[in-house]
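Engineer: Following the hints, position chain B against chain A.
Take a look at the letters that make up each chain.
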Amino acid sequence: MDAPSDPYPRLHPLGDAAWIVEFGNAIDELTHARVMGLAQALADAKALGLWRDVVEWVPAYTTLTVHFGVSGLGDAAQDAADALLALARHSAPLSRPGRRWRLPMCFDAEFAPDLDELAKARDLSHEQVVALMTGTAFRVYMLGFQPGFPYMGGLPAALERPRRATPRTDVPERSVAVAGRMCAVYPWRSPGGWHLIGRTPLALFNAARSDPAWLHPGDEVHWVAIGRARFDELERAAAVGAVQRDAWLDEQGSST
Amino acid sequence: MSGFVEFVDAGAGVSIQDRGRTGHRDIGVPLAGAADPVLLACANALLAQAEDLAALEVVLLGPVLRAVGAPIRLALAGDIAPRLTREDGHTQPIEPWRSLTLQPGEVLAVGPCRSGIAYLALAGGVDVPVVLGSRSTYARAGLGGIDGRAPRAGDRLPCGAGQGAQRQAARPFAHATGPMRVLPGPQDAHFDDDAWRLFLHSDYRVTREADRMGLRLQGPTLTHRAGLGADIVSEAVVPGAVQVPGAGQPIVLGVDAQTIGGYTKIATVIRADLPRLAHARPGSVLRFRAVTRGEALAARRELAALLNDWMSRIGPLRATGEPEESALRTGNLISGMIDARPDADCTLPWD
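Same order as they appear, the protein sequences are chains A and B. So that you can map any letter, position 9 of the first sequence is 9 in our numbering, and since no number is skipped, the others follow by simple counting. So that you can map any letter, position 46 of the second sequence is 1046 in our numbering, and since no number is skipped, the others follow by simple counting.
To be clear, the hints were calculated from the coordinates, so they are not data collected in a lab. No experiment lies behind these values; they were computed from the predicted model shown. C-beta atoms are modelled at their ideal positions from N, C-alpha and C, and glycine is treated no differently. Heads up, a few of these hints could be off.
Only part of the chain A face toward chain B is listed, based on derived beta-carbon distances under 10 Å [what the hints assert, rightly or not]:
1. Ala26
2. Ile27
3. Val58
4. Pro59
5. Tyr61
6. Ser71
7. Gly72
8. Met142
9. Ala213
10. Pro217
Excised from the complex, chain A in its bound form (with noise of 0.2 Å):
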């Protein structure tokens, strides 16, 4: 039923500092090739000096936005949109996960307090729920409502459910979480109404480092099932600073 992707990307305006530049309508990897396309584009035209004006670009599901400097010399936005649009028409999709990470899982039923009552509304038993998991390859579209909380698509037919009813106004940390054809991580405690199924021991995001966020737009994630007692042992060296990011990193994807 999905539109295909829209060739002709186009300008909105998000106030006088910023442009939507929409690729199309459907969450796909199609779309989200583009959108990763142009932020590469821009990356690239960076780094030899161009573009000056943008500050920043921030990535969704079928959007790049892109963010001016203000003055009061000019409109530093609108002098740009052409250039933009043309960028966006012309720079190649970027259909290569960023980087490939095989994450720790566990679903311990202290973890997940939904999955359960998930597996049953889907006629599923909680290893075929395990098995699905473990099965997919998650595409991150985007980073957004908490830092560095993933919205990974790419979640089987087989798990869709849509939020719950009623948002929890807690959910611990590190939980992972699906709803609709998405999976997350919280990275913080917060409220949230996304189906708890397992949690993981690594907290994904650290500001004590300049690239604070493990998982990028565009970054695929491969969720590995452990136990309760790795997931302790994990907790504990993760707390003290002793799991390292890359080792995580699944080789062959590590190619940026």
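Structural biologist: Below, chain B without anything else, positioned relative to chain A:
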């Protein structure tokens, strides 16, 4: 040696802010930063220091501060009425819009913010660790500020003694008045002419759900066009974006807004008017006016000129009968006169 500011009482709605955290929105880190960067610049200018240094932002009740170890200098910008208590117990009111030196043991009770928002700058700037390029507090994720949180009683911040004579502005800084100016979009097409007429010609009252993340408004319901609806594929949002969820009551996003949102945005407040939004409080009434990009640019120029004019009228502290007056008379006046800002007509306090 440098002295310290000690929080005797932390107040309410007090946070450490600079110009915020740009460059990390792609990984979901909100901007945060001073809700009114213009007043932040004013407070720092009263100390003749860089306009972007971190300061204390006060939304509700200002803190009670004591100088410890050595004289400290601070400056006050906003609609506040602090009281200074000397070591002998003598108290006196202090006008804002000036710098002030506290001797060790002296206590400044900043008091409530009577309207809008206020800033307290410390000589040398509030020195807390830089996290992802900024000292601004984003408490929801424990970023910036003092260990990622608001100040508490007993906290101490280093503070310099400042240099030269005390300074004072000729008058309070006053923002422009009138409707909040918006650029239509990005989802302006989700609303028909009737909804637009209501949006641009009605009063919208700020509800109690108002904080640095955003202001929930109450007013005439804005109905989405049939078939387009209130939800969109989630995309980036910015401070000033006017979201309209299905119930039709707008939410104006603030400086702590999340980076991604899934509601339609009828319009976005222009950058020149974002500092004014910071002054809205529960019960405030907002009106909106649609402008062109050219008008948005002109508004930025007007704001820069307004700020530059205000700064050009900072001078030595006028006689108040305070002990510092004697220091002024003995010849420190020379450092009082100002300080033109380079490119002032174009320089905004967030460039």
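Engineer: Indicate, hint by hint, whether the structure satisfies it.
Structural biologist: Evaluation of the provided hints:
no.: 1; hint: Ala26; result: 8 Å, holds
no.: 2; hint: Ile27; result: 6 Å, holds
no.: 3; hint: Val58; result: 4 Å, holds
no.: 4; hint: Pro59; result: 6 Å, holds
no.: 5; hint: Tyr61; result: 5 Å, holds
no.: 6; hint: Ser71; result: 5 Å, holds
no.: 7; hint: Gly72; result: 4 Å, holds
no.: 8; hint: Met142; result: 6 Å, holds
no.: 9; hint: Ala213; result: 4 Å, holds
no.: 10; hint: Pro217; result: 7 Å, holds
Hint compliance for this structure: no hint is broken.
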